[in-house]
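Undergrad: Sequence:
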Amino acid sequence: MADKKTTLANGAGLTAETWADFVARLHHDVKGEGVSRHYTADATFLVEKRVWREVPEENSDIRQIYCDGHTETPADFFADKDEETQAKYNEAAGGSFLEADSYEMREALAKLIPEAHLLHVVEDWEFVCQHFTRDAADAFIKRKGHDYRDGLRVYVDCTCYSWELNTIKAAILDGRIGLLPAVPSPAEGAGNG
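Under our numbering, the first residue of the sequence shown carries the number 3, and numbering increases by one thereafter.
Possibly wrong hints are sitting among the right ones.
Derived lysine-lysine pairs resembling DSBU-like cross-links, with alpha carbons at most 30 Å apart [what the hints assert, rightly or not]: (1) K113 to K51; (2) K83 to K113; (3) K51 to K33; (4) K146 to K51; (5) K33 to K113; (6) K113 to K90; (7) K51 to K83; (8) K33 to K146.
Simulated DEER-style distance windows between Cβ atoms [stated by the list, open to error]: (9) Y157 to H29: 13 to 23 Å; (10) Y41 to G177: 37 to 47 Å; (11) S104 to W127: 20 to 30 Å.
These are computed hints drawn from the structure, not numbers from a lab.
Bear in mind the structure is a predicted one, so any value in this text is a computation, not a measurement.
Even glycine gets a Cβ: it sits at the ideal position worked out from N, Cα and C.
Model the full assembly from the supplied sequences, consistent with the hints where possible.
TA: Structure, rendered in structure tokens:
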């Protein structure tokens, strides 16, 4: 990917250079060598955030502890404690807190932090934004990833039924849609008379 000054993917302005870079990256990702990375017809690049959904205990072995407005794995929760506090959790669980079954872990939490809850969860992914190119999706993750505690990923989706989008992409790639010089708006021209 080009540097920030020469690519739309990193927020540069629209110029002949950034347009040419965009068209080259679009071709790479939907018609060129980049297709071998995803093998998806009419590709578009979605950024998705990881979310954890609570489910009944029998539906998942993945556990998280909810406390102070956020969730974390039992291992992370335990690792954040000093040795003395870890010993209290182990004692309350009747052995190793991290090896405790869900009932024992719940009981230990109830004794030591009544407002904490043990959850059984499944991983899910939710749409955040969409990009024409992989580079733009990756740039978004690099720029905004810190805002998404549980992580982001790029999901390559097929737009084969998005006729408008595919027609516009095809027209960009074959040169029927291109960059034209800016035309002053009527409001800008009115003050010059």
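Undergrad: So which of those numbered hints doesn't the model satisfy?
TA: 1, 5, 10
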